[in-house]
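Chemist: Given only the sequences and the hints, what does the whole structure look like? Please build it.
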Amino acid sequence: MTSSRRLALVVAVGVALDQITKSWAVNALDDGRIIDVVWTLRFALGFNSGFAFSQGQGLGPFIGAAAVVVAILIARAMVTAQHRWSAFGLALILSGALGNVADRVFRGDGWLHGKVVDFIDFQWFPVFNVADSCITIGAVLLLVGLFGEQRALKRNEEGLA
Numbered sequence: 190m191t192s193s194r195r196l197a198l199v200v201a202v203g204v205a206l207d208q209i210t211k212s213w214a215v216n217a218l219d220d221g222r223i224i225d226v227v228w229t230l231r232f233a234l235g236f237n238s239g240f241a242f243s244q245g246q247g248l249g250p251f252i253g254a255a256a257v258v259v260a261i262l263i264a265r266a267m268v269t270a271q272h273r274w275s276a277f278g279l280a281l282i283l284s285g286a287l288g289n290v291a292d293r294v295f296r297g298d299g300w301l302h303g304k305v306v307d308f309i310d311f312q313w314f315p316v317f318n319v320a321d322s323c324i325t326i327g328a329v330l331l332l333v334g335l336f337g338e339q340r341a342l343k344r345n346e347e348g349l350a
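The C-terminal position of the sequence shown is numbered 350 in my numbering, with every residue numbered one higher than the one before it.
Hints were generated in silico from the structure; no laboratory data involved. Idealized CB from N, CA, C, for every residue including glycine. Check the hints yourself; a few may be wrong.
[What the hints assert, rightly or not] Ranges between beta-carbon positions, derived for each pair:
#1 LEU332 - VAL202: 18 to 26 Å
#2 GLU347 - PRO250: 45 to 53 Å
#3 VAL227 - ARG344: 38 to 46 Å
#4 ARG340 - ALA201: 27 to 35 Å
#5 ASP225 - ARG340: 42 to 50 Å
#6 VAL268 - PHE236: 30 to 38 Å
#7 LYS304 - ILE261: 17 to 25 Å
#8 GLN244 - ASN216: 24 to 32 Å
#9 GLY247 - GLU347: 46 to 54 Å
#10 GLY348 - HIS302: 51 to 59 Å
#11 GLY245 - PHE295: 15 to 23 Å
Modeler: Below, the structure is given as C-alpha cells:
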C-alpha cells in the first residue's frame with residue numbers, strides 16, 4: 190500500500206496547480222485574449238456548466254453534487270488500493286474532481302451553480318483544464334494498477350495450484 194501522506198500530497202498539488210492555472214487564465218484571458226503556444230495549442234478562456242466536453246449544460250448543481258459523492262468514494266478507494274499505481278491514479282482522479290468541484294462552488298452565484306474554467310485549447314479537441322488532465326492521467330494509471338493487480342492475482346493462483 191501507498192502512504193496516505195503521499196497520496197494526500199498528490200491530491201493537494203493537483204488541486205493547487207489546477208486552481209492556480211485557472212486563476213491565471215481568468216485574469217490573463219478575460220478580455221477574449223487568445224495566446225498561441227505551439228502548433229495548434231493555444232490558451233483561450235471558456236466556461237463549462239455541464240460535464241465532459243460541454244455535455245449536460247445547465248445541470249451544474251446535479252453534476253456538482255454527484256461529483257462530491259464520487260469524490261468521497263474515490264478517497265475511500267484510494268486509501269485501500271492494493272497497488273501503488275491504482276492508488277496514485279485514484280489520487281489524481283480525486284484531485285481533478287475536487288478542482289472542478291471547487292469551480293462549481295466558488296465561481297458562481299449560488300451553491301454548485303459555478304462554471305468550470307477551461308482554457309487549454311488544441312482547436313481539434315474539446316477545451317479542457319489541468320483538473321481534466323489529472324483525471325485522464327489518473328484513469329490511465331488506475332488501469333495500469335488494475336492490470337498489475339490482476340496479474341498478481343493470477344500469479345498467486347497459479348502458485349497455489
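Chemist: Which of the listed hints are not met by the structure?
Modeler: none
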